[in-house]
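J.: Residues per chain are reported as follows:
There are 2 protein chains.
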Amino acid sequence: MSARSDFQTWSFAIQQQMELALGAVLPPSDHLPQRLHEAMRYAVLGGGKRVRPLLVFAAGELVGAGAERLQYAACAVELIHAYSLVHDDMPCMDDDQLRRGKPTVHVQFDDATALLAGDALQTAAFEVLAGRTVCDEASDQVKMLKILATASGAAGMAGGQAIDLASVGQPLSLPELENMHILKTGALIRASVLLGSYCGEPLSSTERERLDRFAKLVGLAFQVVDDILDVEADTATLGKTAGKDAAHDKPTYVSLLGLKQAKQRAAELEAEALDCLSSFGERAQRLRELAHFIVHRAF
Amino acid sequence: MSARSDFQTWSFAIQQQMELALGAVLPPSDHLPQRLHEAMRYAVLGGGKRVRPLLVFAAGELVGAGAERLQYAACAVELIHAYSLVHDDMPCMDDDQLRRGKPTVHVQFDDATALLAGDALQTAAFEVLAGRTVCDEASDQVKMLKILATASGAAGMAGGQAIDLASVGQPLSLPELENMHILKTGALIRASVLLGSYCGEPLSSTERERLDRFAKLVGLAFQVVDDILDVEADTATLGKTAGKDAAHDKPTYVSLLGLKQAKQRAAELEAEALDCLSSFGERAQRLRELAHFIVHRAF
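Heads up: the sequence lines are chains A and B, in that order. Quick note on numbering: the first sequence equals residues 1446 to 1744 in this note's numbering. Quick note on numbering: the second sequence equals residues 1446 to 1744 in this note's numbering.
In short, the hints are calculated from the structure, not lab data. Incorrect hints may appear among the rest.
Copies of the same chain are indistinguishable here, so a pair counts whether it falls within one copy or spans any two.
Stated by the list, open to error - Once the Cα atoms are required to be at most 25 Å apart in a straight line, the calculated SDA-like pairs of lysine to any residue come out as: (1) K1588 - K1705; (2) K1695 - H1476; (3) K1588 - H1737; (4) K1588 - P1473; (5) K1591 - K1695; (6) K1588 - P1647; (7) K1695 - V1676.
Use the sequences and the hints to build the structure in full.
T.: Written out as structure tokens, the structure is:
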């Protein structure tokens, strides 16, 4: 089997497993309050690349972690990601109508339900990470909860979102743009890799630092490619509104660097990221493949 | 010193300690992203009865817990409470202009900032509970995180909020109303008492059940009194818009039972709650005083 099809098989299997796992940890839509539960399930299930879960599983392979643990850690990060999309799409934020090829949650339901569903999805992330067996030691589980919280809050994803909001129509320098993305998308991508690495055999602190640097670089690459795709792809391929960053006058890697330089930056980031894995050998193969996928994806 | 003034001294000291503790766990307003941090601090600091922190500390006295641990557990529940107020006040929910005698967060800042500040406050709750020493055993800390998450999410506070939202203009029966409040405000009040009880010496499962039943009854009493005050008090005393439940055509204990019966229900709930503490002796005195305060408060 070629490396490419092997990666596709692996990622498809995890996407299938995640659909089932997320469906099981979310509250059933026939239980009260039904509308809230329906909105939560609508926001999470039936699509999405599941990049963060893939990162959890790939990091888990590095440490020989079991699939069930990885699945719950991956549910936690995916629920945080899903909550952030629901709130980002709301009228007072990006006011988006389309997400993963479907009407956004506030369009399909209403603003109040979208607000509450996002809130409850965030809580569900911490509930699953605190309520399931995700590692051997309770002290590691506490660390994992701390990692997820720090990555999601004011010093992470929410903080990046706030900087993004403040930057509309403002000229940002490249370091400012990078800092925003390191928080907005990078923090949760790093958390995904770190959480996966806590599910199995312990790493040395040097190894964990290398892995964290890998995750940071991949997180940046992910965003550079996102900006490129926002310009190059059409709405049907993306499953969300294309060209919206330019329409919202948001600074992007493409607007700052130009398309050609942005592509070069993505390639550099991939190479630097792979460098961080050089000492890990074969057990880091999934992480390498995933870095490649993230940089070369078309959606 | 009379019991009453002694309770006042105790609660005032905790309110002061909590103001400092919350100020210290919240991100500083001179750090980027400043507007987000300012909104978070605005939402949390400078007021509030701090009923949930008082419950944490009172339960902590039952188990001989140290003040620093209790303070962090109390920060966690108060941050959840604060986030819920910020989001509840938003235009797509209750659309309130006034909270604790000040403009609500979305009025003082803007809707997007209120949304993000609420989101980041929820995360901050889990961050402080996972990041500080709140008990002896990491396995208890994981339990505490699970308790807080379950109380806050779709099976707790957010779920109750969703039922509340769906009930506007709908006739609710008394059991339905109670179920809504058991989730909406009761769950976090119960969590406050349980979290405090995990900060010190272990309780037997029978003791913890009694304490939990106490907390459940106090939570209900709290809401009955809230409904009474919404009718009887004026906006200046409440620090939030009075009479808004009737204005929004929301079912309340007063609209279902009448004022006199609602007051009787509050007194019954207090008596039942105190009954649950009978085996605890002197070390439950603060919990008794607090139950009395909650039922007989004027704001």
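J.: If a hint holds in the structure, say so; if it doesn't, say that too.
T.: Quick rundown of the hints versus the structure:
no.: 1; hint: K1588 - K1705; verdict: neither (41 Å within a copy, 51 Å between copies)
no.: 2; hint: K1695 - H1476; verdict: between (41 Å within a copy, 22 Å between copies)
no.: 3; hint: K1588 - H1737; verdict: neither (29 Å within a copy, 39 Å between copies)
no.: 4; hint: K1588 - P1473; verdict: between (29 Å within a copy, 23 Å between copies)
no.: 5; hint: K1591 - K1695; verdict: neither (31 Å within a copy, 39 Å between copies)
no.: 6; hint: K1588 - P1647; verdict: both (13 Å within a copy, 23 Å between copies)
no.: 7; hint: K1695 - V1676; verdict: within (12 Å within a copy, 48 Å between copies)
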